[in-house]
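**Student:** Let the hints inform the model, and build the full structure from the sequences given.
For the record, the sequence lines run as chains A and B. Using my numbering, the letters of the first sequence map in sequence onto residues 1 to 237. Using my numbering, the letters of the second sequence map in sequence onto residues 238 to 441.
Honestly, the hints are just simulated from the structure, not real lab data. Treat the hints with care, as some may be off.
Claimed, not checked - Taking CB as the label site, the calculated pair distances span: (1) 173(A) to 417(B): 40 to 46 Å; (2) 40(A) to 373(B): 35 to 41 Å; (3) 178(A) to 288(B): 30 to 36 Å; (4) 326(B) to 18(A): 47 to 53 Å.
Unchecked claim - Interface residues of chain B toward chain A, partial, derived using beta-carbon atoms under 8 Å: (5) 266; (6) 267; (7) 405.
Keep in mind that this is a model prediction, so the values were computed, not measured. Yeah, the Cβ is synthetic: ideal placement off N, Cα and C, and Gly gets one too.
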Amino acid sequence: MAINISNSQNRDAVVAVEGLLGKQEIRYVDAKGHPTGNRRILKADSEHELPILMKKQKTLEKVAQLLIKGDPEIDIELTGMFLTDTSKVYVSPNGIVHLVEEYELIYKPDGELRERRLREKTAQNMNSDVPVRWTGKFVKKQEAVRKFVFTNTKQVVHINGLTFDFLYQMAEDLDKKESLLLLRGGEKGDEPIVMNRGGKPYNAFLEGRVKDSSYLLLLHLSNMELKRPQGVAANGR
Amino acid sequence: MPKNLKLSLDGNEFEVTLTKVDREDLYGTVEIEAFDEKGKPAVLKVLAADGKTLIEKGGTALAAVNEKGDSIERSELTAVDLDGKEITRVESSFNQVNELKKADVDSYLGLVVKSVYVLDAAEESDIEYLKQHLASKQMYIFPFSYRGGLDYDSAYIVGDEKNDAFMIVGKDGDLEYVKLNQTGVLSSNEEQDISADDISFDLL
Chain A
1 MAINISNSQN RDAVVAVEGL LGKQEIRYVD AKGHPTGNRR ILKADSEHEL
51 PILMKKQKTL EKVAQLLIKG DPEIDIELTG MFLTDTSKVY VSPNGIVHLV
101 EEYELIYKPD GELRERRLRE KTAQNMNSDV PVRWTGKFVK KQEAVRKFVF
151 TNTKQVVHIN GLTFDFLYQM AEDLDKKESL LLLRGGEKGD EPIVMNRGGK
201 PYNAFLEGRV KDSSYLLLLH LSNMELKRPQ GVAANGR
Chain B
238 MPKNLKLSLD GNEFEVTLTK VDREDLYGTV EIEAFDEKGK PAVLKVLAAD
288 GKTLIEKGGT ALAAVNEKGD SIERSELTAV DLDGKEITRV ESSFNQVNEL
338 KKADVDSYLG LVVKSVYVLD AAEESDIEYL KQHLASKQMY IFPFSYRGGL
388 DYDSAYIVGD EKNDAFMIVG KDGDLEYVKL NQTGVLSSNE EQDISADDIS
438 FDLL
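**Tutor:** Structure follows, in structure tokens:
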């Protein structure tokens, strides 16, 4: 993934963003001590799910009899196949839908419907012609961690020598401030960060650290405040 | 009845209850309704790479496979550490007293967050001592496992502005300072549609 980001002098560059993963300290081996892995497989396709069997057999009893006698839920050619390069599609009774109309049903925390509206997919603004802006608004780290939950963190890394200097300088500036920098996207530089079209908007904060000739730039994304939900009294709901 | 978690700070033991906090509890939820050109309801399904096999939610599974790609029963697998030594299972944190240690903000910021809980004093317990320390912007860490398992997560105890106590649980991130010769790669698929389930609206 890429980000077009500007620095405090309003100079911008496209650099890489990598997901921050938890430390992987466990692996699984088979009986001979050889490494193993996980693969996603097909259990059953739509044509072999219960609703289809019900449509053919009409009653659950008949489906049950069929299951005792044979394996109607299994397609011998498909079941167990490795799944790669899958995609998500909308399907209606008429088949795969190519022109879909989506509505959003927005519910309040108490479950009450607040609004139903036509869904508009927001364009991503992380790697567009307009760079993500260095707003100059800093939040002390100690204050930020008491206000926000950083639900997603990514690491910003250089892609060549020029951008190494660019990012190192950023990290050094932020390290000295011991603060997180608020980042904003869009033409006016006042929008939350959206990484994918139609994706979640996040408040984004940049943190920098340096050690000798290396740097660490973390993009902290938050869509949640650290606070007690209304209606959750002390000692539970 | 939820279990109480026993914590210890500077030799003071107290019990807390945990209440999970999700984004939905604070801001609500968004559901997507979809319709085709003729106004018939549409649902999301997975399309396999062959372009014709449709899969319902729950129609896939993760299988353990060996190096040849043959599937193996989960019961045949052994969890080992990076040195290949078999891992000893850890106890649930609810079965022991968990000693809190001071944590620094930089290590907390490297956490890959899994879940957030609000902490309250259990019946006949007092957490004022903890809250006093949280009010002075101190944070604490201890290894946490809800049910027990192969390893612990890291649990940080942090106070908010109203001095409620929270426990943020996650895995310590694999942070790596990068040098000049460690360049990243720009992937070409910057823009892609995501699942309708991933949509949200209220931003803070």
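**Student:** Compare the structure with each hint and give your call.
**Tutor:** Consistency of the hints with the structure:
no., hint, in the structure
1, 173(A) to 417(B): 40 to 46 Å, "18 Å, violated"
2, 40(A) to 373(B): 35 to 41 Å, "48 Å, violated"
3, 178(A) to 288(B): 30 to 36 Å, "53 Å, violated"
4, 326(B) to 18(A): 47 to 53 Å, "32 Å, violated"
5, 266, "5 Å, holds"
6, 267, "5 Å, holds"
7, 405, "7 Å, holds"
The structure does not agree with the numbered hints 1, 2, 3, 4 stated previously, though it agrees with the rest.
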